[in-house]
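*Asks:* With chain L's structure known, arrange chain G on it following the hints.
2 protein chains.
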Amino acid sequence: MPVNLQTPAADALLPINGLLLGTAEANIKKPNRKDLLVMQLAPQATVAGVFTQNRFCAAPVIVAREHLASGKGIRALVVNTGNANAGTGKNGLASALVTCVEVASLLGCEAGQVLPFSTGVIMEELPLERIIAGLPSCVADLREDNWFNAAHAIMTTDIVAKAVSKQITLAGKTVTLTGIAKGSGMIHPNMATMLGYIATDAAVAQPLLQRMVKHACDASFNCITVDGDTSTNDALMLIATGKSEALAITDAQDAAFDKLQAAVTEVATLLAQAIVRDGEGATKFITIKVEGGKNIAECRQVAYAVARSPLVKTAFFASDPNLGRILAAIGYAGIDLDVQHLKLYLNDVLVAEHGGRAASYREEDGQRVMQQSDIAVRVLLERGTAATTVWTCDFSYDYVKINASYRS
Amino acid sequence: MPVNLQTPAADALLPINGLLLGTAEANIKKPNRKDLLVMQLAPQATVAGVFTQNRFCAAPVIVAREHLASGKGIRALVVNTGNANAGTGKNGLASALVTCVEVASLLGCEAGQVLPFSTGVIMEELPLERIIAGLPSCVADLREDNWFNAAHAIMTTDIVAKAVSKQITLAGKTVTLTGIAKGSGMIHPNMATMLGYIATDAAVAQPLLQRMVKHACDASFNCITVDGDTSTNDALMLIATGKSEALAITDAQDAAFDKLQAAVTEVATLLAQAIVRDGEGATKFITIKVEGGKNIAECRQVAYAVARSPLVKTAFFASDPNLGRILAAIGYAGIDLDVQHLKLYLNDVLVAEHGGRAASYREEDGQRVMQQSDIAVRVLLERGTAATTVWTCDFSYDYVKINASYRS
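As they're listed, the protein sequences go chains L and G. Per the numbering used here, numbering through the first sequence is continuous, rising by one, with the last residue being 593. Per the numbering used here, numbering through the second sequence is continuous, rising by one, with the last residue being 593.
If we strip away everything but chain L, and leave its shape as in the complex, we get:
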C-alpha cells in the first residue's frame, strides 16, 4: 500500500497554457485501461530532459535523445505503458521512429519534432499496430485539463497516479507548474527515473531549461531507490510553453531563474518521493540523511548502502529496531570510516556512537520510531561538512509477490 500518498483530485491539477494532453485505451498489454498518451506543445515551447545511463537503454530513449539534440523544436511527446521497447534491437528502433512518424502526421509536424517514451516489460516486441490504431483517439482527446488522465495513462505497477501542481509569481506574473511521474519498481535512477514530465507556462531558453532539469533531477529523482535496479527507460522531461505573462528567462543570473528552478525542484522532489511512497510493496517511507561527510559522493555512498540493504529494508518492514544492520551497511559502504566518530539517529533517538550502542539508547525508543510509517535515519560522519538525503522504502512480501508475477 502506498505510504501516505493519494492521487490529487482531477481539479487540483492545473492546466498549463500551451500544452494539450490526450489519452487512449490501446490494449497494449491489458484491456480496459488507459495506456497511451500524447502531449502537444505550442510552437514556441522549449523542452529539456535527462535520460537513463543504462547501456541497454530503450529504443525510445535513443530516439528521444536524438530528436531533442537536433534542436528542431519539439512539438509532441508520445508515451505508452505496457511495453518498454527495450532490449528489442533494430526492430525496436524502427517501431519508436514509426510511432513518431504517425504522431507527426496526425499533428502536422515533423517526425523529428516528436519525442517517444515507453515503459513496461523488457525484451518483448512493441505492439506497433495497436499503438498506431490508438493514436487518433489520443489526438481526438487532446485538451489542457487532462493531466489527471495523463498521470493514469503512464502507470505500470503503480497503485497511485503521481501528479502535482504549483504556482509561483515571477516579477508579479503568475507562473504555473504541473508534473506527472510513474514508477514503482526497477527504481534506482541514474540521471532520471522511469518517466517524469513537468510542464510550466513560463518561457525559458532551452539551455537554461536543460540546466534546470538537471539540477531538479539531481536533487530529486537521483536521490531515490526502491530496489537498486536502474531502469532501461528512465526519462525526466521539462517543458516550458512560454504562454504565461511572465518575462522570458534568458539569463541564469536572473532572479526568476532561481525562483523557477526552486519550484521545478520542489515539484520534482514531490514526484520522486511519490514514487518511493508507492514503491512496490512499500509499507514505510524512509528518509536517509547523511551529514558531516568529506564530500557529497561519500555521503551518497553511505546513504545508498543503507537504502539498498535488503536486511535494513526487511527490518523496517517488520518494525523491528534491529539497528545493527544499519551499522553493518554503513560499514561496508566502502569509505575509510573511523566508526568511533560516527553517530546514528532514528528520528530524534540517538542509537549508536563510539562504535557501538549509545548508552542512552533504549529498545522501546527504537521500537516507537520503527512503528511509524514515515521514518528518518540520520548518520553523522563527523569528518567534513558535506550532506545528502536519499529516500527509500521498506522491503515486504508484496515486493516479491509483485515481481514474481509481473508478466502474468
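Be aware that one or more of the hints could be misleading.
Copies of the same chain look alike in the list, so a pair counts if it works inside one copy or between any two.
Said to hold, decoys possible - Derived SDA-like pairs: lysine to any residue, alpha-carbon spacing no greater than 20 Å straight-line:
1) Lys275 x Ala543
2) Lys214 x Glu548
3) Lys275 x His539
4) Lys215 x Ala433
5) Lys586 x Met186
6) Lys586 x Thr468
7) Lys275 x Tyr546
8) Lys275 x Leu535
9) Lys214 x Asp505
10) Lys474 x Ala390
11) Lys479 x Asp330
12) Lys275 x Leu522
13) Lys215 x Leu190
14) Lys586 x Gln552
15) Lys275 x Asp523
16) Lys275 x Lys528
17) Lys528 x Glu310
18) Lys215 x Asp505
19) Lys275 x Arg547
20) Lys257 x Thr435
21) Lys586 x Asp196
22) Lys275 x His526
23) Lys351 x Ser429
24) Lys275 x Ser545
25) Lys428 x Ala482
26) Lys358 x Asp439
27) Lys214 x Leu313
It should be emphasised that the hints constitute simulated quantities derived from the structure, not laboratory data. Small disclaimer: the values here were computed from a predicted structure and weren't measured.
*Replies:* Leaving out everything else, chain G in the frame of chain L:
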C-alpha cells in the same frame, strides 16, 4: 529450502590429526542448541586467515586479526553463535579478550594464542558470563571426530550444516582436508564470508598458508552473494596441523603447494556454494558466468549487477523467463558496453544478441530452463579474454519472512 544441499553424514567428515573440536549448549540466544565451539590445535600447527573489510567489523575480528599477526603460534579457536559482538564498542573488545583469556587458562596456553569468532545479532552486548560458563563443557568434549557437531554449533539462520572432507596424495602420502562454514543471510563477502574453517593435516609454512587461503577465498567465498549485505563478522581460517606424513610445504614452487592449494580451493568452493544453496529463502541456485571481458574487475561488475538485482532474483523465484531484467542489470553494471556485441545464454539457450532477443529464442526454451533448481546464466561480453563466475540464489517470500523476524 536449501537447493540440492544436504549435510554430510557424521562419519563422512574426516578427522584432522592434530585438531580437536568440542561444542556446548551455552544458552547464548536460544536454549537447547549447540552454540559454542572450541578448536584446539597441535603446537606445530600453522594458521592463516582473511577477514571482513566491513569498517564496523566485530570486536572478535579485531582481536583475531591482531592475535594472528602477532606470530605467537595459534593454539585454539573459539566460536559462538547467537551474538555477533559487533557494534559493541569497547565493552565488546573487552568481552572478546576475556573469552580468549578463559580459553587459554582452560587449555594451558596464552590468551594471544587464541582466536575468537562470533556470529549472530549485531549491536547487542555479548552474554559473556554464559560463554565463560559454557567453555568447560566445550573443553570436556574435545575430540578429533567432532566436525559434525562443530558444523552445527556455528549455525545461525542456516537450515543445513555445511561441511566437506577431501583427501589428496602429496608425493605418495595421504593428506586430509575438512572444512565447515556457516552463513545464509548478510552474505556478500568482501575478503571472506561469515565463518569458514578449513583444516588439513599437511604441514605448510605460515606465509604460504596465508597465500593459499587468500587464493581459495578469492575463488570461492568472494564469488558469492545472497543479499548484497557484507557481514561485520566474516572470517575464513585455514589451519595446517602438520601431522600427516607428507613433507612440509615451504616453497611455493613446490608441486605440492599447487596441489594442496587446488584442494583447499575446491573445499572452499563447495562450502561457499553450500552457503548460497542454503541462502535465506533460496529455491534456486544460480551460477553467473561472465566471459570475454577486458579484465576480471569488469566481469565481476556485470556478474554482481545480475546477482544482486532483486528483479532478476524474484523472476528466478517465479520461474518466469522475464529475461529482459537480466539485460537491464547488465546495462546498469557501470561498464561502457556496446550492447550490440553481447550474448546472453540461459544454460544452453541463446536468449539475446545484437542488442535484443535472439531470433532463435523461444519462450518455452527459457521456461524449461527457469523451472530447474540449478541454473546457469552466461554473459559473453566479446571484448576481451577475462572471465569470472559468481554464485547466487533467488529472492523469495521466505527471505523477507526470515529477515522480518530474525530477532524474535
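*Asks:* Would you pick out the hints that fail for this structure and give their numbers low to high?
*Replies:* Structure breaks hints 4, 10, 11, 13, 21 and 25.
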